[in-house]
Structure formats: C-alpha cells, structure tokens
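A.B. asks: Residue numbers (our numbering), protein chains in the order written: chain A, 1 to 352; chain B, 1 to 267; chain C, 1 to 254.
In case anyone wonders, no lab produced these hints; they're calculated from the structure. Model, not experiment: these values are computed from the prediction. Heads up, some of the hints might be wrong.
[Stated by the list, open to error] Distance condition first, Cα-Cα at most 20 Å in a straight line; then the derived SDA-like pairs of lysine to any residue:
{"hint": "1", "chain 1": "B", "residue 1": "Lys115", "chain 2": "B", "residue 2": "Ser138"}
{"hint": "2", "chain 1": "C", "residue 1": "Lys248", "chain 2": "B", "residue 2": "Lys206"}
{"hint": "3", "chain 1": "B", "residue 1": "Lys206", "chain 2": "B", "residue 2": "His176"}
{"hint": "4", "chain 1": "C", "residue 1": "Lys82", "chain 2": "B", "residue 2": "Ser16"}
{"hint": "5", "chain 1": "B", "residue 1": "Lys115", "chain 2": "B", "residue 2": "Phe132"}
{"hint": "6", "chain 1": "B", "residue 1": "Lys18", "chain 2": "B", "residue 2": "Asn3"}
{"hint": "7", "chain 1": "C", "residue 1": "Lys243", "chain 2": "B", "residue 2": "Glu127"}
{"hint": "8", "chain 1": "C", "residue 1": "Lys248", "chain 2": "B", "residue 2": "Ser138"}
{"hint": "9", "chain 1": "C", "residue 1": "Lys82", "chain 2": "B", "residue 2": "Tyr14"}
{"hint": "10", "chain 1": "A", "residue 1": "Lys195", "chain 2": "C", "residue 2": "Phe169"}
{"hint": "11", "chain 1": "A", "residue 1": "Lys195", "chain 2": "A", "residue 2": "Asn135"}
{"hint": "12", "chain 1": "C", "residue 1": "Lys250", "chain 2": "C", "residue 2": "Phe169"}
{"hint": "13", "chain 1": "B", "residue 1": "Lys181", "chain 2": "B", "residue 2": "His133"}
{"hint": "14", "chain 1": "C", "residue 1": "Lys29", "chain 2": "A", "residue 2": "Lys347"}
{"hint": "15", "chain 1": "C", "residue 1": "Lys243", "chain 2": "B", "residue 2": "Glu97"}
{"hint": "16", "chain 1": "A", "residue 1": "Lys194", "chain 2": "C", "residue 2": "Lys116"}
{"hint": "17", "chain 1": "A", "residue 1": "Lys112", "chain 2": "C", "residue 2": "Phe32"}
{"hint": "18", "chain 1": "C", "residue 1": "Lys243", "chain 2": "B", "residue 2": "Ser16"}
{"hint": "19", "chain 1": "C", "residue 1": "Lys248", "chain 2": "B", "residue 2": "His133"}
{"hint": "20", "chain 1": "A", "residue 1": "Lys51", "chain 2": "A", "residue 2": "Lys194"}
{"hint": "21", "chain 1": "A", "residue 1": "Lys112", "chain 2": "C", "residue 2": "Lys250"}
{"hint": "22", "chain 1": "C", "residue 1": "Lys58", "chain 2": "C", "residue 2": "Leu228"}
{"hint": "23", "chain 1": "A", "residue 1": "Lys51", "chain 2": "A", "residue 2": "Asp67"}
{"hint": "24", "chain 1": "C", "residue 1": "Lys162", "chain 2": "B", "residue 2": "Glu97"}
[What the hints assert, rightly or not] A short list of chain B residues far from chain C (calculated; beta carbon distances all over 10 Å):
{"hint": "25", "residue": "Asn28"}
{"hint": "26", "residue": "Gly76"}
{"hint": "27", "residue": "Asp87"}
{"hint": "28", "residue": "Gln88"}
{"hint": "29", "residue": "Pro91"}
{"hint": "30", "residue": "Phe113"}
{"hint": "31", "residue": "Lys115"}
{"hint": "32", "residue": "Glu118"}
{"hint": "33", "residue": "Asp168"}
{"hint": "34", "residue": "Arg172"}
{"hint": "35", "residue": "Ile197"}
{"hint": "36", "residue": "Arg227"}
{"hint": "37", "residue": "Glu248"}
We put the CB at the ideal spot given by N, CA and C, even for glycine.
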Amino acid sequence: MFCFKKQRVYAVLLVVILFTTIFSGCSRKDMGEAQVMAEEKEKLSTIRVAKQFGLVYAPLMVAEKIDFFSKYGLKVEWLTLGSGGTVREAMAANELDVAFMGIPPYLIGWDKGLPAKIAAGYCVTPVSLVAYDENIKTIQDFKPEHKIAVPSPGSIQHILLSMALKKRVGDPNALDDNLVALPHPDGAQAMLAKKDVVAHFTTPPYLFEEMEQPGYKVVLDGFDAFGQDFNFNVSIVTQSYHDNNPQGYAAFVQGLNEAMNWVNEHKEETAELLAPEFKIEKEKLLKYLTAEGVNYTTAPYGLMGFADFMKEAGYIFRVPERLSDIAWENILAQVGKREGGSCTLEKIQWSK
Amino acid sequence: MSNLLTVSEITKIYESGKRKVVGVKNINFCVNKGHFISIIGPSGCGKSTLLRCIAGFEKTNNGKISLNGRPVTKPGPDRFMIFQGLDQLFPWLTLKENIVFAMRVVDKGRENFNKKAEAYLELVGLEGFGGFHPYQLSGGMKQRASIARALSVRPKLLLMDEPFGSLDAFSRRAIHQMFLKVWQKTGVTVVFVTHDIEEAIDLSDKILVFSQGKLKGSIENPLSRPREKDIPAYRSFLLKVSDFLDEECDGCLRLEEPSTVGAKLAF
Amino acid sequence: MRDFLWKIAFILVAAIIWELIRLAGGYPKLLFPGVGSIAIALWTERLDIISKTLFSLKIIGMGLIVAIVLAMLGTFISISGKFFAEIVTDLMAIMHPLPGIAILPVAILWFGIGIKAILFVIVFSAVWPLINHFYTGFRSIPVNQLEVGRNLGLAGWELAMKVMLPASFPHILSGLRTGWARAWQASVAAELVFGAAGGQGGLGWYLYKKRFMMETPGVFAGMLIIVLIGIAVEYLIFAGVEKRTVRKWKTIIS
Ligand SMILES: Nc1ncnc2c1ncn2[C@@H]1O[C@H](COP(=O)(O)OP(=O)(O)O)[C@@H](O)[C@H]1O
Ligand SMILES: [Mg+2]
Numbered sequence: 001m002f003c004f005k006k007q008r009v010y011a012v013l014l015v016v017i018l019f020t021t022i023f024s025g026c027s028r029k030d031m032g033e034a035q036v037m038a039e040e041k042e043k044l045s046t047i048r049v050a051k052q053f054g055l056v057y058a059p060l061m062v063a064e065k066i067d068f069f070s071k072y073g074l075k076v077e078w079l080t081l082g083s084g085g086t087v088r089e090a091m092a093a094n095e096l097d098v099a100f101m102g103i104p105p106y107l108i109g110w111d112k113g114l115p116a117k118i119a120a121g122y123c124v125t126p127v128s129l130v131a132y133d134e135n136i137k138t139i140q141d142f143k144p145e146h147k148i149a150v151p152s153p154g155s156i157q158h159i160l161l162s163m164a165l166k167k168r169v170g171d172p173n174a175l176d177d178n179l180v181a182l183p184h185p186d187g188a189q190a191m192l193a194k195k196d197v198v199a200h201f202t203t204p205p206y207l208f209e210e211m212e213q214p215g216y217k218v219v220l221d222g223f224d225a226f227g228q229d230f231n232f233n234v235s236i237v238t239q240s241y242h243d244n245n246p247q248g249y250a251a252f253v254q255g256l257n258e259a260m261n262w263v264n265e266h267k268e269e270t271a272e273l274l275a276p277e278f279k280i281e282k283e284k285l286l287k288y289l290t291a292e293g294v295n296y297t298t299a300p301y302g303l304m305g306f307a308d309f310m311k312e313a314g315y316i317f318r319v320p321e322r323l324s325d326i327a328w329e330n331i332l333a334q335v336g337k338r339e340g341g342s343c344t345l346e347k348i349q350w351s352k
Numbered sequence: 001m002s003n004l005l006t007v008s009e010i011t012k013i014y015e016s017g018k019r020k021v022v023g024v025k026n027i028n029f030c031v032n033k034g035h036f037i038s039i040i041g042p043s044g045c046g047k048s049t050l051l052r053c054i055a056g057f058e059k060t061n062n063g064k065i066s067l068n069g070r071p072v073t074k075p076g077p078d079r080f081m082i083f084q085g086l087d088q089l090f091p092w093l094t095l096k097e098n099i100v101f102a103m104r105v106v107d108k109g110r111e112n113f114n115k116k117a118e119a120y121l122e123l124v125g126l127e128g129f130g131g132f133h134p135y136q137l138s139g140g141m142k143q144r145a146s147i148a149r150a151l152s153v154r155p156k157l158l159l160m161d162e163p164f165g166s167l168d169a170f171s172r173r174a175i176h177q178m179f180l181k182v183w184q185k186t187g188v189t190v191v192f193v194t195h196d197i198e199e200a201i202d203l204s205d206k207i208l209v210f211s212q213g214k215l216k217g218s219i220e221n222p223l224s225r226p227r228e229k230d231i232p233a234y235r236s237f238l239l240k241v242s243d244f245l246d247e248e249c250d251g252c253l254r255l256e257e258p259s260t261v262g263a264k265l266a267f
Numbered sequence: 001m002r003d004f005l006w007k008i009a010f011i012l013v014a015a016i017i018w019e020l021i022r023l024a025g026g027y028p029k030l031l032f033p034g035v036g037s038i039a040i041a042l043w044t045e046r047l048d049i050i051s052k053t054l055f056s057l058k059i060i061g062m063g064l065i066v067a068i069v070l071a072m073l074g075t076f077i078s079i080s081g082k083f084f085a086e087i088v089t090d091l092m093a094i095m096h097p098l099p100g101i102a103i104l105p106v107a108i109l110w111f112g113i114g115i116k117a118i119l120f121v122i123v124f125s126a127v128w129p130l131i132n133h134f135y136t137g138f139r140s141i142p143v144n145q146l147e148v149g150r151n152l153g154l155a156g157w158e159l160a161m162k163v164m165l166p167a168s169f170p171h172i173l174s175g176l177r178t179g180w181a182r183a184w185q186a187s188v189a190a191e192l193v194f195g196a197a198g199g200q201g202g203l204g205w206y207l208y209k210k211r212f213m214m215e216t217p218g219v220f221a222g223m224l225i226i227v228l229i230g231i232a233v234e235y236l237i238f239a240g241v242e243k244r245t246v247r248k249w250k251t252i253i254s
C-alpha cells in the first residue's frame, strides 16, 4: 500500500515536470536565436490588436474597414477577446501587442508589472451613473438594497464612483457592497427592464439609450467626479513591440491618428459605414456620433489623475512618478515639459 | 388441536400486460397450530405464490385466507416469511442489530431487546456472532440468523420458501437438525416450501403436493421423530410420495427451482 | 488520514518544484507567481478568503439541500409508477449532460442577478446526478430486504427511512459525492462568469475580483483554497462516512 502510494506520487510528479518542460519549451526564452530573428522580421509588418465593439470604438472599426495602416507597410491582425481581463492577460503572455482599455485598468496592470505603456489617448466621452428611482438623486441616496451595475471591478466606472464617494462621503468603498459586475449590454438591459439594478454606470450608446427613457437621470457625471476631462480609453502597446518594432509602432500610431481624424471629418460616412455593424439606423448612429460631449481624439487627457486616488484607496500599490513611467515618447512629446511650472497640457493629465 | 390457518378457495392470477398467468387456483387447506406442513411440487406450480398470498404480499383474486379466524389483508409480523435468498438480512446492521431492529419495529417498546436478541441467536446456534455483519457469515449462518430474526417477533406462522435451497448438503443437514429443535422448542407453526422430497419427509408432519397451480393431494407423514433414513418405512414413504408426484405431475418435468420470483417493488 | 497527509505532502513537493521552475525560468510574477507571494496573498487576505469561503460553503450547502430534497422527491415519484419513471429517466437523459453553467443565462433571466440565480445553477447542476444515483440505488435494493421490512409491518415513509434509505446508501453516498462536486464546480464557475451581486460572493467572485485586479498571486491563492476544500471534504467527510458505513458493511459499489 505504502509503496504503491509512493509510486503514484512519483508518477504524478513526473507528469508535472514533463508538462512544465513542455510549457517552458514553448515560451520564447528557449527558442533559437535564428527563430526569434525570423519572427521579429516578420513582425515588422504585422501588429496584433485586440478589437472591441461599441460606439466608442467607431474609429477603430473605421480603421479596420478602410485600412489606414497598410500604406505605412503595417498589417494589423485583429483579435477578438472576451473581457478587459482577458486582454491584459493576453498582453502579459505576449499574445497581443496593442489593446484599448480605461486608464484605471491599465494602471492596475502597470502596478502588477504589465510591460506596456500608453501610445495614444483614445477619445473623451461622457461616462455617467444613471438611475431611474425617483428617490435617488445623488450618490448619497443609495440604500443597501440598491444595486448598481458597473462593467467590472477596477473599471473606470468603478474608480470614478469611488472617487466621488471619497469626495462626498469620505469613504471610497461606501457602495462596494451595492456593486454588481455586469457587461454594458446586460447592465443596460437590466436598467431598461427595471430589474435587479436601480443604477448603471455606463457610456454611449447605452448611456444615450437609457437617458431617452422617461424618468432616467444622471446622478453622477464622470467628469464631475474626476474634475475635468479624461480619456475614456487609452491605447497601450507592449514594451517588446515598441522596442523591437519601432517602424510598426510608428505606423500604428499614425494610422490610428488618421482614422480618428477621418471620423471627425466624415461623421455621415462613418454612420453609413458602421450602421450595418451596429445594426441600428444610420440616422440614430449619426445622432450618437455627433452627441454633445463625445470627442474623437488621440490626445492624452487625465493620464496621471487616477493613480494617486487608486493607491490611496488600495487598488494599486505604487503610482507612476512621472508621465514617462506610463507613456511612450510620442505622448511625452505632445504633453511637453514647461520650465517653471506646468503648461495646460500637463495640467489636464491630473484630476482636480 | 386447534386450527390456525385456513386457506379457502384461493385463486391468484397474475396479469402482466394482456397476458394472464395462473399462479394458484382454488386452493383449500387448513394448518393446525404447532404443525409442520410442507408443500412440494415442480417449479412454477404456484408454491411461492401461495406463500406470498398467505404472507399478504399478493392480493388474491378470489377466496379467503384467515389466521386464527381473522382474515389476512396485508403483510404483518404474525406470519413471517423466510426466503431462499441469502440477502435477506440487512447488511448495514450486525446480526444482533438485525434482530433488535425487527423486535423494535414490532414491539415498539423499550425493553431489553439486546438480551433477547442474544437468546435468539443462541437458539439457532449463533452465540457469539451477534457483532458480525452479514458479509462475514456463511450461507448457512445467514439463514440461521434470518430464522432467529423471524422468531424474535414471535410470529404465529413461519412461511418458509425453500429457505435451505441455496445451501450445500452439509450445512443443510445441520440446519435441519437445528431447525427441528427450534420448532419443537418454540411450538411455532410452519408452512415449508421445498422441491426436495427428502427434505419434506425429514421435516414435516404433512406434505401438500402442488401441480400447475392446483393442490393435488395431501399426504400425512407416518414416520415418528426423530426420523431415520435407513429404515424400510422411510424408504417406502419416500417411494409413495415420489410416485404420487410422478402421477400428478404427469408430463411436467421436475426441474430445479429458481429462486423466488421477483416481487413487485411497491410500498 | 494517511492518505490525507500524503496529499498534503504531495502539495508541498509540488510547491517546491513550482518554485524551482519559476526561479530557473526567471518568469515574471504576473505569469508565474512565487509560492512566497501566494502565501503572502493567503495571509494578508485571510479574512476576505475566510468570509468568501464560508459564503461559498453556505450557498453550496443550501443548494445541495434543495437538490437532495428535489432528488428524493423525484426518486420517490419515479419509483411509484412506471409512467413517472419514464418521465424522470427521460428528463435525466436530457438534462444530465447539460453543464449547469450553460443555464446561467436562463437563470439570470428568471431569477435576476443575485444569489437566487447562482443557487439555481447549483441546484440544477447537482440534482440530476443525485436523482440518477438515488434512482439507481432504490432500484437495486434487494427485494427480499424490502419484503422483510413490509413483513415487519413497515410501509410508506417508515419503510423508506428505515429500510430503503440504508439499503440504497452506497448509491446515495456516491450520488452525494458527485452532487457535491458538481455543486462546488457550478458555484465557482457561475461566479467566475458573472461575478456576484454586491458584497455577497464566494470564492468564484474572489477569483473574479483578483483577476480583474491582476493580482495573480491572489488568483492562485483562491485556486489553492478551492482545491484544499475539495480535498478536505473528500477526505474528512466522504472518506470518513464511507469508512463508517459502506466499507464496514462491505456494500461498497465501485
Ligand atoms: N410476479 C409475477 N408476475 C407474473 N407471473 C408470475 C409472478 N410470480 C409468479 N408468476 C407465475 O405464476 C406461476 C407460479 O409461480 P411461483 O408461485 O413462483 O411457482 P413456484 O414457486 O412453485 O416455482 C408461474 O407460472 C410464474 O411464472
Ligand atoms: Mg418459488
């Protein structure tokens, strides 16, 4: 009996070792130099980008449809991944070069050593907490039984709510027990059905859809919570891609700029192009694209403003000391560094 | 002697789908208190059916069964059945617990069942085995324990459906002797089903011969107890019973008995 | 118990090998957290982990009790008539292969987001294997034992509790094993897919949060707890019950 057990343990250990050798064999570390070189060469012209779906991703969808990258010699591999969590994990595993995410989720990854930095700001859009209960007028009115939908823990919506709570109630976690993690479409569905949740922290087009309903109102505006504008998303590029493929990197940033600009200049064409993708009427899409507060821009806004609060509230353990800790040189160059006190562009990287 | 069991005009017909199978038909007989009756007959002649009707496991189509003048309608501990199968003890209980379980269910009292259980085990020659689980026993010991459990609830009538049919000749001999002693000691009335003529002759006062669902005849056993096999009277009686069987069961083979027919699962 | 200690020893050895591989490969903490950082996560988060574990156990306990009651009812119904038996076996054939987590969307539609939906998934995951085992168990009770019970005058509920239940216990036990495993998996999976409502969540929700906070050591700590509870329940509860019952009675089924 005793011996048999021992044998079994050895067998299992052997399997574990075998697995880990295979595992490490697959990792790039053990690859031959030549193979790495060949792969790098090929990579020069390709970039792996996580695709996302939603109104705010209109420039990205346009960039894919019209293809703003190939003229710079860049081929984009569009990947569709599940949640924001998966995107970061894929980057950490070097399965992905570019991703789009909110500043707080990026900071959480950065804090944990995710080797990637911001290559571009990505739009400024309203982010608001909507409620339909007439007794809820401010964030102080939530009772323990009221459920509030946010996309996920650590999302920009979650952090904005915490920031506002800190300012107004003094406790950033005051409503943590009221939060429900629901992806935007599910949250919107629950809101419109007035089922399960009484409030939803969301973005266009869900924000617009909810606000069209009678009695639905904004109880917290994201810009108010932050104090000024911030990028809804940022585009982040991994260290290895940035370092090994400077041309690819430059091409991607430039292609993204062009796509962004094209949307601003051609909103009607954009609506026509994307209406079938979103499965809504062209007119409605155009209305959303041109709604007040939506700004399709790659300029950086509010990059540094979340970190101090997030550290204080325990979401991260360190804060970037300077912008260069979290952003690549093109961003740094845009923001600049005014001698003798910050300039406007530097100031808008912080919260008020 | 007084009349304990009366079976009159009993008919049992099994209906499986559209087919009707006769179990037993128009059976009449009586058993006196303290008597030992054997029922013999070829396989499928309705021996088990009759026993199950008396036990109350089967509803009869016609006729009346009464015990001490009271009609039998459902199973009860006054008529206790012992089966051929070696799985009738509860495997999750020890021998003693099996007996205590039965006594407790029937008497519902808080008497000293443990002591009584030990006495019954001793009665069947299983003293010292009270703490054993059924899997630790031989076939013969299991049947002895089943008998002890049956006797522990003090039934008026023991219904035994080939209880020793699964045992080897050796343990069967031993168990016969034990059982006869117990029968004499307790004075319990026994209806004993077997397909073994010698077993019937060795044990019983009277032999009922069944064939094709009908009672063909009843033969009084003239032999005195204790019964010895190597005397001419024994041999001539054996011959008589065999001849009667051959005659009555003309054409139908005397087969080895299968174990009890699967009873319907119901509660 | 020795088996249990062996499992613990095995985990220790695995931890050492894990650490050796990590150090040899120089993997980042994000992908391959060290045993030390997992231990630190376990310690610093102990209160949260304990409350999440208790919540998981509570909700699984509730789900299992409901599932057992339903399975018992289903079993009684199905053995009380051929017609019902066919309905239940057909239902079982349809539902058994369906992973509990697959009905989460339906559960949310019916019960909303919250404990009820997760409970529904747990009950659904556990009830079919339970019915399957209970039904098989009741069907395989030796007829002689049932008739001894009836002969003693037992019927209905009393017969079920005093004879049918212990007689089918080997099957019931293996049903409970499967049911527990399915319920445990379902609760973790459901919370992992859809999170939890508000502050109420179990270990699946813990994993979910740790994942979104990219706290890989925390994710491993949560997984470790899930594994340890699985082992503990198997060795401290099921193996113990088995030793005291079916192994003692020699009625164990393989
Ligand atoms: N539950 C049952 N359903 C249908 N037929 C049965 C059932 N039990 C017994 N029979 C039939 O009734 C007849 C008598 O059977 P049984 O009493 O078991 O005979 P014996 O015990 O003498 O061998 C046989 O033909 C048998 O097939
Ligand atoms: Mg028979």
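A.B. asks: Run every hint past the structure and note whether it holds.
C.D. replies: Outcome of the hint check:
For the proposed pair Lys115(B) and Ser138(B), the alpha carbon gap of about 24 Å is over 20 Å, so the pair is violated. Only pairs whose Cα atoms come within 20 Å are accepted, and Lys248(C) paired with Lys206(B) is rejected, the gap being roughly 44 Å. As the CA atoms of Lys206(B) and His176(B) are separated by approximately 16 Å, the hinted pair is consistent with the 20 Å bound. Distance restraint check for Lys82(C) and Ser16(B): the Cα-Cα separation of roughly 13 Å lies within the 20 Å cut-off, and the hinted pair is therefore satisfied.
Between the alpha carbons of Lys115(B) and Phe132(B) the distance comes to roughly 16 Å, so the proposed pair stays at or under 20 Å and holds. For the given pair, Lys18(B) sits about 39 Å from Asn3(B) by alpha-carbon distance, which is inconsistent with the 20 Å threshold. Between the alpha carbons of Lys243(C) and Glu127(B) the distance comes to roughly 27 Å, so the proposed pair goes past 20 Å and is violated. Under the criterion of a C-alpha separation no larger than 20 Å, the hint pairing Lys248(C) with Ser138(B) is consistent with the structure, at around 17 Å.
Restraint check for Lys82(C) and Tyr14(B): satisfied, since their Cα atoms lie roughly 17 Å apart, inside the 20 Å limit. For a cut-off of 20 Å, the pair hint linking Lys195(A) to Phe169(C) is broken: about 44 Å separates their Cα positions. For the given pair, Lys195(A) sits about 16 Å from Asn135(A) by alpha-carbon distance, which is consistent with the 20 Å threshold. With a CA separation close to 12 Å, the supplied pair Lys250(C) and Phe169(C) stays within the 20 Å bound.
Proximity of Lys181(B) to His133(B) is assessed by CA-CA distance (about 25 Å); at most 20 Å being required, the pair is judged violated. Under the criterion of a C-alpha separation no larger than 20 Å, the hint pairing Lys29(C) with Lys347(A) is inconsistent with the structure, at around 34 Å. For the suggested pair Lys243(C) and Glu97(B), the alpha carbons sit about 19 Å apart, so the restraint of at most 20 Å is met. For the given pair, Lys194(A) sits about 18 Å from Lys116(C) by alpha-carbon distance, which is consistent with the 20 Å threshold.
As the CA atoms of Lys112(A) and Phe32(C) are separated by approximately 12 Å, the hinted pair is consistent with the 20 Å bound. For the suggested pair Lys243(C) and Ser16(B), the alpha carbons sit about 43 Å apart, so the restraint of at most 20 Å is broken. The suggested pairing of Lys248(C) with His133(B) holds, with an alpha-carbon distance near 8 Å, which does not exceed 20 Å. Between Lys51(A) and Lys194(A) the alpha-carbon distance is near 31 Å, which puts this suggested pair outside the 20 Å criterion.
Using a Cα cut-off of 20 Å, the hinted pair Lys112(A) and Lys250(C) is violated, with the two alpha carbons roughly 55 Å apart. At roughly 17 Å between alpha-carbon atoms, Lys58(C) and Leu228(C) fall within 20 Å of each other, so this suggested pair holds. A threshold of 20 Å between alpha carbons decides the hint, and for Lys51(A) with Asp67(A) the separation of about 14 Å falls inside it, so the pair holds. With a CA separation close to 13 Å, the supplied pair Lys162(C) and Glu97(B) stays within the 20 Å bound.
Distance to chain C confirms Asn28(B) as a non-interface residue, since its nearest Cβ pair spans about 25 Å, more than 10 Å. Some Cβ of chain C comes within 10 Å of the Cβ of Gly76(B); the nearest lies about 6 Å off, and the non-interface call is violated. Against the 10 Å criterion, Asp87(B) falls within the reach of chain C, whose nearest CB is about 4 Å from its own CB. Non-interface status of Gln88(B) relative to chain C is broken: a Cβ of that chain comes within 10 Å, the nearest being about 4 Å off.
Listed as a non-interface residue, Pro91(B) fails to keep its Cβ farther than 10 Å from every Cβ of chain C; the least gap is roughly 5 Å. The Cβ of Phe113(B) lies farther than 10 Å from every Cβ of chain C, with a closest approach of about 14 Å, so its non-interface assignment holds. No Cβ of chain C comes within 10 Å of the Cβ of Lys115(B); the nearest lies about 20 Å off, and the non-interface call holds. The beta carbon of Glu118(B) is kept farther than 10 Å from every beta carbon of chain C, the shortest such distance being approximately 20 Å.
Non-interface call for Asp168(B) relative to chain C: holds, since the shortest CB-CB distance, roughly 20 Å, exceeds 10 Å. Every beta carbon of chain C lies more than 10 Å from that of Arg172(B), the smallest distance being close to 19 Å; the non-interface claim holds. Every CB of chain C is more than 10 Å from the CB of Ile197(B) (nearest about 26 Å), matching its label as outside the interface. A cut-off of 10 Å between C-beta atoms confirms that Arg227(B) is not in contact with chain C; the least separation is 30 Å.
With a closest Cβ-Cβ approach of about 30 Å to chain C, Glu248(B) is found to remain outside the 10 Å limit, as its non-interface label requires.
When held up to the earlier numbered hints, the structure conflicts with 1, 2, 6, 7, 10, 13, 14, 18, 20, 21, 26, 27, 28 and 29 and fits the remainder.
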